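Residue numbers (the numbering used here), protein chains in the order written: chain A, 1 to 314; chain B, 1 to 225.
Any given hint could be a false lead.
[Stated by the list, open to error] In silico lysine to aspartate or glutamate, EDC-like type, Cα no more than 16 Å apart, as pairs:
#, chain 1, residue 1, chain 2, residue 2
1, B, Lys3, A, Glu221
2, B, Lys215, B, Glu180
3, A, Lys210, A, Glu223
4, B, Lys4, A, Asp204
5, A, Lys11, A, Asp122
6, B, Lys3, A, Glu207
To be clear, the hints were calculated from the coordinates, so they are not data collected in a lab. Keep in mind the model is a prediction, meaning the values are calculated, not measured.
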Amino acid sequence: MIELQDALRKKEIWAIGGGKGGIGKSLITGNIGICLARLKKKVLLVDADLGGANLHTTLGIGVPEMTLSDFLNRRAENIQDVIIKTSIPNLNLISGAQDFLDAANPNFAQKARLLRHLETLDADYILLDLGAGTSFNILDFFLFSDHGILVVLPEPTAIENAYRFIKSAFYRRFKRVVANQNIKDLIDAAMDQKNTMGIRTPYDLIERVKGMEREVGEILELEVLKFRPKLIVNQVRTKNDIQIGFSMKSACQKYFGINLEYLGYVEYDDCVWQSIRSKRPLTIEYPYSRPARCIERIVHNLLRKEQLTLSMLY
Amino acid sequence: MVKKIDDLNFYELLEVDLRATSQEIHKAYERVRRIYEPNSIALYSLFSPKETEKLHQRVEEAYRTLIYEENRRKYDATLRERHDLPEMVTPAPRYQPRMVPPPVSRQEEQRSSAFEAPAQPAPVVPPARTPETVQLAPSSIIEFSGSVLKVLREQRGLTIRNVADITKVGSRYLEYIEAEHFQKLPARPYLRGFLTLLAKALGYESDRIVNDYLKRYDAAMGQPR
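Model the full assembly from the supplied sequences, consistent with the hints where possible.
Take a look at the structure:
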């Protein structure tokens with residue numbers, strides 16, 4: 001097995017999102033979790049897809065008794081009570097909400113309580129599987145985590161949503177650091193691509209904010225540098241598809257000024273849907289398949305804080 | 001520092017280092033051009049077709065500017081005027097040594113013939129230069145000894161390091177050649193090769209320089225030709 005750095009003793013929270021539905025977020029989360037657990041890391045998977053949870057299914061677990069909604073609605077006082085042990089050693093799961101309609105939209109206090117409890121847990125890695133869309137809940141989980149990971153497919157629809165996700169997360173982050181209501185309104189207005197103020201890019205926004213309050217503008221500039229989402233391209237079929245990750249990296253640098261880290265890609269293979277059909281995790285059912293290897297490589301990059309470089313391609 | 005796309009300089013646009021070689025620039029261009037071509041899927045929804053078209057044109061312009069030494073030098077000068085070279089580590093970019101050294105003007109040649117005169121700091125060569133050609137070694141120089149080669153080099157404003165970069169001859173050997181440490185130099189055939197490269201780097205026909213120097217070498221080492 002791969003020898004990896006074990007200097008990391010601190011707990012890390014990773015969030016996996018991507019904007020579009022059906023792009024493999026849960027599958028990748030689950031299998032990254034399994035890879036980490038195999039490396040003797042204590043892993044907790046949290047299905048934060050509160051509206052359409054199915055992380056348990058990708059792991060081959062039936063409908064769980066206790067879910068996140070029990071915790072959110074205080075039917076379970078302690079988060080320990082909703083943790084389910086999986087058949088894989090070191091891998092635990094908090095399943096997503098199943099019943100409560102309200103649970104899909106927890107309020108601020110509920111979210112804060114959840115995050116507070118997560119911080120106290122004994123785990124090396126906590127992986128949050130986010131739902132589709134760019135609702136505030138999803139964005140907040142993404143921004144709260146130590147590493148936000150975006151999944152895209154090499155398709156215009158998924159890429160469009162990924163950019164929208166980045167933009168939303170970006171502006172929400174901006175809004176969290178400014179106090180001035182006028183600037184908050186400005187950020188809201190800038191979210192609208194067709195706004196009348198001529199704010200097209202984050203750069204325009206920062207310039208505008210600087211015009212209002214110089215210091216706030218500088219704080220926002222710092223935020224830009226700190227925001228470093230990671231990228232996984234799923235269902236890669238050709239070399240050009242792999243290239244898309246690098247292209248998105250370049251485009252993000254030029255458009256947002258942010259550094260998107262290209263973690264890796266997962267090759268397309270029939271064994272993926274076969275494993276889902278059989279309700280057995282990919283890395284267990286087909287451990288030597290190409291997609292499983294790709295996921296291992298991604299875990300590798302994650303642990304070593306590395307990313308793909310162009311030279312690896314040629 | 002966040003920069004607007006329109007404000008990116010050509011290096012930033014092509015995502016290359018300020019000291020990138022022309023080969024690196026070419027490679028980067030091939031890559032970046034493909035990213036910013038119209039209908040590029042990775043840009044979908046981020047840039048409008050108009051913006052993509054504009055970016056595409058700028059990438060082409062950046063390439064045309066940076067790939068030609070002359071244009072690049074001029075562009076660097078304008079960048080420096082705008083103080084837009086923040087990442088510059090050393091004031092002299094490394095690509096300069098790669099260019100063919102400028103020919104020496106007549107006056108300089110005359111000065112080089114009287115090389116006993118203290119070697120003055122090399123005159124700053126004006127940026128606009130005529131195309132470089134290989135010159136015949138000036139007949140005014142009687143013998144090409146190590147010290148003459150040194151003066152010739154210094155007149156061109158080249159350091160040992162620069163010459164080593166151009167010729168790929170180790171800087172140690174270049175120093176030995178100039179200092180005429182014949183004992184430390186490699187065998188004669190290798191030395192001949194080094195001298196040929198050195199002469200070319202200085203912008204001269206190599207024959208006379210090489211033969212002159214080897215004659216001195218033979219005399220010192222006591223070897224027949």
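Taking the hints in turn, this is what the structure says about them:
Between B:Lys3 and A:Glu221 the alpha-carbon distance is near 10 Å, which keeps this suggested pair within the 16 Å criterion. Using a Cα cut-off of 16 Å, the hinted pair B:Lys215 and B:Glu180 holds, with the two alpha carbons roughly 12 Å apart. Of the pairs offered as hints, the one joining A:Lys210 and A:Glu223 holds, with about 14 Å between alpha carbons and a cut-off of 16 Å not exceeded. At roughly 8 Å between alpha-carbon atoms, B:Lys4 and A:Asp204 fall within 16 Å of each other, so this suggested pair holds.
Between A:Lys11 and A:Asp122, the direct Cα distance comes to roughly 8 Å. Compliance with the 16 Å bound is thereby established for this hinted pair. Of the pairs offered as hints, the one joining B:Lys3 and A:Glu207 holds, with about 10 Å between alpha carbons and a cut-off of 16 Å not exceeded.
In this structure, none of the earlier numbered hints is contradicted; all agree with it.
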